[in-house]
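Chemist: Taking the hints into account, I'd like the entire structure generated from these sequences.
Same order as they appear, the protein sequences are chains A and B.
What the first sequence shows, in my numbering, is residues 1 to 566, in sequence order.
What the second sequence shows, in my numbering, is residues 1 to 181, in sequence order.
Please note: incorrect hints may appear among the correct ones.
[To be verified] Below, computed lysine-lysine pairings styled on DSSO-like, alpha-carbon distance capped at 27 Å:
no. : chain 1 : residue 1 : chain 2 : residue 2
1   : B       : K167      : B       : K62
2   : B       : K83       : A       : K157
3   : A       : K515      : A       : K349
4   : B       : K167      : A       : K162
5   : A       : K240      : B       : K62
6   : B       : K151      : A       : K157
7   : A       : K247      : B       : K83
8   : B       : K83       : A       : K240
9   : A       : K431      : A       : K331
10  : B       : K62       : A       : K162
11  : A       : K312      : A       : K328
12  : A       : K240      : B       : K151
The hints are simulated quantities; they were obtained by calculation from the structure and are not laboratory data.
Okay, here's what each chain looks like letter by letter:
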Amino acid sequence: MISPSKEDLVTITLNGVEVEVPNGINAVEAAALHGKEVPHYCYHPKLSVAGNCRMCLVEMGTPMRDRSTGEAILEDDGSPKIGWVPKPVIGCATNVSAGMHLRTESDLVTECREGIMEFLLVNHPLDCPICDQAGECRLQEFATDYGRGFSRYIERKNVKPKRTRLGPRVTLDDERCILCSRCIRFSQEVAKDDVLGFVDRGSFSTLTCFPGKELSNNYSLNTVDICPVGALTSTDFRFKMRVWFLKETKSICTESSTGCNTIISSREGVIQRITPRRNDLVNDTWMTDSGREIYKLVKAENRILRPSVDGKDLPLSEGISSAVRILKDRKVGVVASCKSTLEEQFLTKLVIDATNAQVYIRGHFGEDDGILLSADRTPNLRGALINGLTDSYPEDHLNGLNEALASGELESLFVIDEDLLASGVDQENLKDVDIVFLGTHSHATSNMARVVLPSFTVFEKEGSFINKSFIVQAFEQAIPGPVGLSSQVEILSQIINHLRVDSDPLDAKLDGVWKSMGEVLPDLMGDCDFRSLVKAPFQIDGSKWSHLDFVEKNALNFESVKGVQV
Amino acid sequence: MAKTIVLERKPLSFSERTYLPQIATGLKTTFSNMFKPKVTLQYPEEKPHIPNNYRGVPTLVKDPNGREKCVSCQLCEFVCPPKAIRITPGSVPEDQEQREHVEKAPQEFEINMLRCIYCGYCQEVCPEEAIFLQDQYSSSGYSREEMINNKQKLYELGGTLPDRHYKWDKKKQAEVHGNTH
Ligand code: SF4
Ligand code: SF4
Ligand code: SF4
Ligand code: FES
Numbered sequence: 001m002i003s004p005s006k007e008d009l010v011t012i013t014l015n016g017v018e019v020e021v022p023n024g025i026n027a028v029e030a031a032a033l034h035g036k037e038v039p040h041y042c043y044h045p046k047l048s049v050a051g052n053c054r055m056c057l058v059e060m061g062t063p064m065r066d067r068s069t070g071e072a073i074l075e076d077d078g079s080p081k082i083g084w085v086p087k088p089v090i091g092c093a094t095n096v097s098a099g100m101h102l103r104t105e106s107d108l109v110t111e112c113r114e115g116i117m118e119f120l121l122v123n124h125p126l127d128c129p130i131c132d133q134a135g136e137c138r139l140q141e142f143a144t145d146y147g148r149g150f151s152r153y154i155e156r157k158n159v160k161p162k163r164t165r166l167g168p169r170v171t172l173d174d175e176r177c178i179l180c181s182r183c184i185r186f187s188q189e190v191a192k193d194d195v196l197g198f199v200d201r202g203s204f205s206t207l208t209c210f211p212g213k214e215l216s217n218n219y220s221l222n223t224v225d226i227c228p229v230g231a232l233t234s235t236d237f238r239f240k241m242r243v244w245f246l247k248e249t250k251s252i253c254t255e256s257s258t259g260c261n262t263i264i265s266s267r268e269g270v271i272q273r274i275t276p277r278r279n280d281l282v283n284d285t286w287m288t289d290s291g292r293e294i295y296k297l298v299k300a301e302n303r304i305l306r307p308s309v310d311g312k313d314l315p316l317s318e319g320i321s322s323a324v325r326i327l328k329d330r331k332v333g334v335v336a337s338c339k340s341t342l343e344e345q346f347l348t349k350l351v352i353d354a355t356n357a358q359v360y361i362r363g364h365f366g367e368d369d370g371i372l373l374s375a376d377r378t379p380n381l382r383g384a385l386i387n388g389l390t391d392s393y394p395e396d397h398l399n400g401l402n403e404a405l406a407s408g409e410l411e412s413l414f415v416i417d418e419d420l421l422a423s424g425v426d427q428e429n430l431k432d433v434d435i436v437f438l439g440t441h442s443h444a445t446s447n448m449a450r451v452v453l454p455s456f457t458v459f460e461k462e463g464s465f466i467n468k469s470f471i472v473q474a475f476e477q478a479i480p481g482p483v484g485l486s487s488q489v490e491i492l493s494q495i496i497n498h499l500r501v502d503s504d505p506l507d508a509k510l511d512g513v514w515k516s517m518g519e520v521l522p523d524l525m526g527d528c529d530f531r532s533l534v535k536a537p538f539q540i541d542g543s544k545w546s547h548l549d550f551v552e553k554n555a556l557n558f559e560s561v562k563g564v565q566v
Numbered sequence: 001m002a003k004t005i006v007l008e009r010k011p012l013s014f015s016e017r018t019y020l021p022q023i024a025t026g027l028k029t030t031f032s033n034m035f036k037p038k039v040t041l042q043y044p045e046e047k048p049h050i051p052n053n054y055r056g057v058p059t060l061v062k063d064p065n066g067r068e069k070c071v072s073c074q075l076c077e078f079v080c081p082p083k084a085i086r087i088t089p090g091s092v093p094e095d096q097e098q099r100e101h102v103e104k105a106p107q108e109f110e111i112n113m114l115r116c117i118y119c120g121y122c123q124e125v126c127p128e129e130a131i132f133l134q135d136q137y138s139s140s141g142y143s144r145e146e147m148i149n150n151k152q153k154l155y156e157l158g159g160t161l162p163d164r165h166y167k168w169d170k171k172k173q174a175e176v177h178g179n180t181h
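Modeler: The structure is reproduced here in structure tokens:
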């Protein structure tokens with residue numbers, strides 16, 4: 001890794017201008033801080049420095065000193081004389097220090113870049129028209145800036161395999177590879193699954209998997225993201241859509257309590273792919289492969305697309321009034337969800353208060369992989385704690401509910417998202433209760449419900465989650481929801497308005513929900529509103545819950561001190 | 001303010017009042033045209049000559065080896081101002097005969113001729129020289145659906161055009177001549 005940056009600033013001279021940069025960062029980052037791009041391929045801020053592409057060449061110098069006296073040597077005009085290193089140096093492996101001089105825009109540097117580009121393009125297949133990387137390709141971009149525009153190479157180009165299967169999700173086009181080794185370093189350093197390497201020499205060099213191995217770990221698609229060219233392609237996204245058609249929406253991955261920051265790319269309301277978004281406090285620049293598959297839920301076969309009452313499809317408004325009839329003035333149990341957003345949980349709490357209901361909530365747990373996939377497989381368990389849906393740490397079953405049902409304490413159930421039969425509730429016990437189900441996909445429980453209120457997946461709504469480090473992160477709506485349906489927030493607000501006829505109707509916009517949340521939880525939410533959260537996530541104080549046994553283990557950017565990051 | 005000038009109208013002379021000279025002049029034009037070459041066409045039996053650079057209906061063309069040239073890069077779909085083009089990209093299986101080194105081709109390709117404005121941008125932008133506005137100028141149909149040319153129709157309209165590059169064949173040559181790895 002690059003030398004750890006001490007936060008003290010040093011003054012360097014960048015292209016003749018004195019600027020301040022953190023001590024010890026490399027020249028590429030230092031120049032970027034001041035708006036100067038140093039083109040690079042092999043350097044990646046989250047990987048070790050390999051220094052093999054030579055694209056980042058810059059000129060470096062230091063003020064000269066007299067060896068005997070140690071005094072600065074001056075030019076004729078009195079300015080300090082700079083001893084320039086006679087040959088350019090690679091910026092990615094040059095760490096800045098006080099007084100250093102850097103030139104990123106000189107003629108020599110430009111010539112270097114042009115030379116490197118020409119070499120990189122010698123055997124390049126130039127198949128941009130069919131390359132998935134086109135439009136977001138570093139090679140394409142720098143060829144525009146430093147390319148020659150025509151080729152002096154009259155020999156035949158190399159022909160290499162164009163569709164090698166490296167693993168179940170990654171396809172390699174060897175001709176396009178520029179041998180930067182980012183993918184190799186990623187596999188070694190981040191995924192800790194050392195399967196990739198180069199074989200052969202010179203222009204015969206080829207990226208390959210070690211014999212008998214394949215690139216099949218749950219982080220393999222990150223190599224596709226960091227490949228600066230189109231050599232590594234996602235088998236799922238390959239040849240599906242050109243990137244310039246994609247609308248990008250900031251979102252949060254719901255796979256686990258890590259809350260990886262993501263970008264949802266969609267075209268005309270159809271999601272095409274999910275990629276990670278850099279957040280140095282959460283996921284750096286990575287995400288899991290499994291998290292990228294979640295978009296398939298939108299078009300899943302068991303998606304509920306129509307509201308129904310007693311098995312009959314009805315408009316949503318009638319579904320809601322039937323739900324209210326079932327919930328009003330009866331002995332109600334509410335099964336809340338750790339998968340709901342913060343706002344939905346807040347409204348669920350209002351439903352509970354309005355019906356004097358018993359609350360039940362369960363968690364979903366799995367293996368912790370020590371990188372990004374945490375053991376808590378719900379995105380918002382901490383939201384449930386903050387909204388007061390539970391005081392204790394949720395277990396992965398609903399046995400409490402089962403007992404309550406067996407003793408006949410409950411007449412109606414309001415179930416949000418959970419499958420009761422898969423949570424330890426006996427079917428027998430559900431016979432005599434009326435179930436209202438609010439969720440996105442059908443399962444055994446939704447099939448038993450009297451009222452089914454279908455709603456939006458995470459891609460079709462906006463909201464926020466609290467991740468394992470108690471960071472509140474917002475996500476935006478990527479695609480429109482199915483016709484005739486409404487968001488959970490809208491449905492819950494309407495139910496609450498029907499239940500509390502004498503209070504003022506709720507504002508079903510997220511801004512309104514955040515206002516009421518600020519009133520109920522002033523010390524946690526302060527006066528933050530949803531729109532500013534979208535721009536800047538914030539961390540809340542989780543020490544109140546530090547006595548709970550959070551299941552997350554130490555992982556990337558996360559130290560498990562009973563769940564509270566220090 | 002502009003100044004208004006009132007013009008005096010000259011009174012008509014005697015010969016002018018008879019109208020005869022005017023009629024004679026008119027008839028002269030009529031009769032002289034009877035002896036000039038015909039310029040009107042009996043459309044649709046007779047069809048006009050279409051110059052080579054005419055921009056008619058956009059069509060897809062094949063290369064002389066019968067391979068479809070379009071690789072579904074979707075640049076024409078992107079550039080088309082009225083969004084007349086719709087492409088579903090597809091990949092070409094590795095073992096197809098006559099199509100070595102071809103990786104990508106459109107699964108479906110539609111041009112809505114009710115939207116197309118015959119601007120020629122698609123031809124201009126195509127990196128594969130696969131789409132051309134050729135000599136078809138009349139398209140008609142009974143329904144909106146009929147006015148959408150699908151891939152099959154586009155290739156029928158386009159036919160085969162000479163190729164200057166044969167890039168897939170060149171690649172095959174390079175492979176055969178020992179540049180493989
Ligand atoms: S496949 Fe991509 S990331 Fe890997 S070495 Fe080649 S160019 Fe670099
Ligand atoms: S000619 Fe113009 S309007 Fe017609 S399909 Fe081509 S780009 Fe679109
Ligand atoms: S016709 Fe040309 S521009 Fe349009 S998709 Fe095919 S190759 Fe690309
Ligand atoms: S980025 Fe510095 S050598 Fe590649």
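Chemist: Which of the listed hints are not met by the structure?
Modeler: Violated hints: 2, 6; rest satisfied.
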